[in-house]
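Enquirer: Given next are the chains, with one letter for each unit.
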Amino acid sequence: MIRQDLLELAARNMRNARLRNALTTMGIAVGVASLVAMLSLGIGLQGFANHQLMKSGMFQTVFVSSKQDVRNLDQNADAKPENSPALNDDARKQIAALPGVEEVVPEVRATAEVDYGSKTNFTLVAGLPPSARNEEALEKMKGRFFSSANADEVLVQLDFAKKLEKDPESVLGKNLTIRYAERQSGDSPGSFSIERKEKQFLVVGLLDAEPFGGMRMSSRARVFLPTQTAEDMNLMQPSDTQQLVRSTSGSRTYAMLTVRMKSAAYAEKVEESVKKMNYSAYSYLDATKSIRRFFAVLDMFLGIFGSLALAVASLAIVNTLVMAVLERRREIGIMKALGASDGDVKKLFFAEAATMGLIGGSLGVAIGWIIGRAINFGTNIYLQRMKMPAENLWTVPLWLVAGAIGFAVLVSILAGIYPAARAAKLDPVQALRYE
Amino acid sequence: MNEETDVLAIEARGASRYYTMGEATVRAVDNVSFTIGRGEFAALLGPSGSGKSTLLNLLAGLDRLTAGSIEVAGCDLSTMDSEALARYRRLTVGMIFQSFNLVPTMTLSDNIELPLRFAETPRSERQDRVMELLTNVGLAHRASHKPTELSGGEQQRAAIARALANRPSVLLADEPTGNLDSRNGQEVMTLLRELNEKMGVTVLMVTHDPALASRYARQSLHMADGKLVSTVEALR
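Protein sequence lines correspond, in order, to chains A and B.
Residue 120 is where the first sequence starts when you use this note's numbering, and the numbers rise one by one after that.
Residue 47 is where the second sequence starts when you use this note's numbering, and the numbers rise one by one after that.
Treat the hints as calculated values from the structure; they're not laboratory data.
Think of the CB as a built atom: it goes at the ideal place given N, C-alpha and C, for glycine as much as any other residue.
Hints may contain errors.
[Unchecked claim] Pair ranges (Cβ atoms, derived): (1) A:E446 x B:E243: 54 to 64 angstroms; (2) B:Y65 x A:E446: 23 to 33 angstroms; (3) A:W518 x B:M126: 45 to 55 angstroms; (4) B:E166 x A:E446: 55 to 65 angstroms; (5) B:D271 x A:I536: 37 to 47 angstroms; (6) A:V441 x B:S260: 32 to 42 angstroms; (7) B:E166 x A:E387: 35 to 45 angstroms; (8) A:A521 x B:Q173: 32 to 42 angstroms; (9) B:Q173 x A:A485: 51 to 61 angstroms; (10) B:E166 x A:A521: 23 to 33 angstroms; (11) A:D546 x B:E166: 23 to 33 angstroms.
[As the list claims (entries may be wrong)] Below, in silico cross-link-like pairs of lysine to aspartate or glutamate (DMTMM-like), each with a Cα-Cα straight-line distance of 25 angstroms or less: (12) A:K544 x B:E171; (13) A:K261 x B:D76; (14) A:K466 x B:D255; (15) A:K465 x B:E166; (16) B:K273 x B:D76; (17) B:K192 x A:E127; (18) A:K259 x A:E288; (19) A:K544 x A:E284; (20) A:K259 x A:E284; (21) A:K465 x B:E129; (22) A:K285 x A:E301; (23) A:K544 x B:E166; (24) A:K465 x B:D127; (25) A:K285 x A:E314; (26) B:K244 x B:D271; (27) A:K466 x B:E171; (28) A:K261 x A:E288; (29) A:K466 x B:E129; (30) A:K544 x B:D127; (31) A:K466 x B:D76; (32) B:K192 x A:E446; (33) B:K192 x A:E284; (34) A:K544 x B:D255; (35) A:K465 x B:D76; (36) A:K506 x A:D271; (37) A:K381 x A:E127.
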C-alpha cells in the first residue's frame with residue numbers, strides 16, 4: 120500500500136473511534152507537555168545561570184599576578200616566588216599578544232577626595248576597562264558608558280550619587296572634581312615622590328549594580344573612570360609602597376593584571392600560557408565545569424520525570440490499539456480477504472499509532488509551552504514583589520520542539536508494536552466468521 | 047504452462063485441511079481432487095459442516111493446506127508464503143460472502159476502492175474504475191451511500207463489484223444468496239451469470255441449495271464429511 124492510502128485509512132479509522140482516539144491523544148499530549156515543561160525549565164534555568172555568569176565576564180577573564188606578590192593567587196606549595204618574574208609592562212605586552220586576548224588591564228584603584236558642588240566625599244576610585252561595557256551590571260545603567268578609553272568621564276555608583284543629590288539622576292551631565300595622589304618618578308631608582316593633584320570629570324552614567332558581579336576588589340569603588348585615564352593619571356596605589364620596599368627594579372610593576380578574552384573559549388589556553396610564563400593565574404573556568412555537570416544531571420532527572428507521564432500515555436496507546444484490533448477483527452479479516460498483506464495491516468496500525476503520537480506530541484508541545492509561560496509569568500510576579508528584575512527562567516528551543524514531537528511519535532510506534540503484530544497475525548478465516 | 051493448466055482455472059489434488067481440537071483431529075477437507083475449467087460456472091454443494099466453506103477458504107488463499115495441492119490460474123497455493131498469498135488474493139481471485147462483508151463505516155465507493163488501494167492502483171485511475179464497477183452492477187447512483195442504507199441485494203451487488211475491482215480471473219462465492227430473499231437472490235444470481243458469460247470470469251459458488259446449483263452451474267461438486275462424494279456435469 121502506498122503511504123497516502125495508509126494515512127487516509129488510518130485517519131478514517133481514527134475518526135470512527137473519535138472519542139477514544141481523542142482521549143488517548145490527549146494522554147500523549149499531557150505526557151509530552153510534562154516532558155516539555157520539565158526540560159524547558161531545566162534548559163531555561165541553565166540558560167539563566169549561564170547568562171548571569173557569562174555576563175559577569177568571569178569566564179572571559181583570567182587574573183594574573185606575580186608570584187612575588189603577597190596576595191599570591193597560586194596557593195601551590197611548590198610555587199617559588201623568587202623565580203617569578205615581575206609583572207611589568209613587558210609582561211603586559213607579552214600577555215596581550217597571546218591569541219584570543221582582547222585586553223590586558225591593570226587594576227587601578229585608589230582613595231581620593233571627590234568634590235561635587237559644595238560637598239566633599241572621601242571614597243575609592245577605580246578604573247573600568249572598555250570591555251566592561253558589555254557586562255550585565257551595565258545593562259541597566261542610566262546615562263551612557265565612557266565615550267572613549269581615555270575620556271575625562273566618570274560613572275558613579277547609585278548609592279554614591281544619592282549622597283550627592285536628592286534625585287540621583289540629576290548628577291548626570293554635571294562635573295565633579297577628583298583630588299588624588301599622583302606618583303612621580305623619584306630622583307634615584309626605586310624611589311618616587313607623591314604629589315596632590317586635581318582633575319575635573321564629567322558624570323556620564325549611573326550604575327545600579329556592581330561591575331564584575333561583585334567579584335573583584337574594584338567593585339567596592341564608588342566612582343569609576345576609564346582605565347586608560349586612570350593609568351595616565353599615575354594614581355598612587357597601595358601596591359606601590361610594597362614594591363618600593365622590595366625594590367625589585369626601577370621599572371613599574373603591576374599588582375594584578377586582568378586579562379580579557381574575546382570569548383570564554385580562550386580562557387583555558389591563556390591561563391595555561393600565563394602559568395608557563397611563571398605568573399600566578401586564576402580563572403573561574405573550573406567552577407563552570409561543575410555547574411555544567413550539575414545542569415546535565417538536573418536535565419536528566421527532569422527528563423526522566425517528564426517521561427514518566429509519556430510512559431503512562433504509551434500504555435494508553437497500547438490499550439486503545441488492542442481494543443481497536445478486537446473491535447475491527449472483522450474489518451481486518453475483510454481487508455485480508457481483499458488482498459491486504461500482513462505487512463499492510465501492521466503498517467496501518469503503526470500509522471494510527473504514529474498519527475496519535477504526532478498530534479499528541481504537537482498538542483503537548485503547545486500545552487507545555489503554555490505551562491512554561493505560566494511558570495515564567497508566576498515567577499516574575501514573585502520576583503517583582505521581591506523587587507527583583509524579571510528573568511526568563513524558561514526556554515523552549517527549536518530542537519526541544521522537534522525532539523519532543525519526534526519522541527512522542529517514536530514512543531507511539533513502539534507502543535503500536537504489540538497491537539500491530541496482533542492485528543497482522545489475525546487469522547482471516549476466524550475473523551470473518553466472527554460476528 | 048502446459049495445455050492442461052491453460053484450460054483449467056482450478057485444479058485440486060488431494061487437497062486436505064485438518065484441525066486438531068484437543069485430542070481429536072477434524073478432517074474438514076479430506077483428500078479432495080477436482081478440476082474446474084476456465085470460464086466455467088461451478089457449484090460446491092453439501093450440508094452444513096461438510097467442509098465446503100473450508101475448501102472455499104483454501105481456494106481463496108485465506109487458509110493453508112495441511113496436505114495436497116491446489117493450483118488456481120497457474121498459482122500453486124501450497125508453495126506460496128503469506129506475502130505471495132496476499133498478492134494472490136489481491137489480483138487472482140475475488141471473493142464474496144453470505145453476509146456481504148462490506149465495511150459498514152465506508153461508503154460503497156470507498157469499499158470498492160479498498161482492493162485498489164491494496165493493489166496500489168494509481169490514484170488517478172481509481173475513481174473511474176470505481177464508477178465503472180458500480181455502473182456494471184447498477185449501483186452508480188448509490189456510490190456515496192453506506193452499506194446499511196442499501197437493501198441486501200444491493201449490498202451483495204456492491205460486494206461483487208468490489209470482488210472484481212482488480213479484474214480477477216476467478217470469483218469465489220460463499221452462499222451469495224443465503225441472506226437474500228428470492229427476488230434479490232435471483233438478481234444476484236443473474237448478475238453472476240452475466241459476469242461469467244460476458245467477462246469470462248470463472249465462478250465457483252458454495253451453496254446448499256441443489257436447485258440453485260442445477261439452474262446456474264455447469265458442474266456441481268457434492269461434499270459430505272470433508273470428502274468429495276460426486277461430481278455432476280449439467281447437460282445444457
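Enquirer: Taking the earlier hints as the rules, which of them does this structure contradict?
Expert: 1, 4, 6, 7, 9, 12, 13, 14, 19, 22, 25, 26, 31, 33, 34, 35, 36, 37
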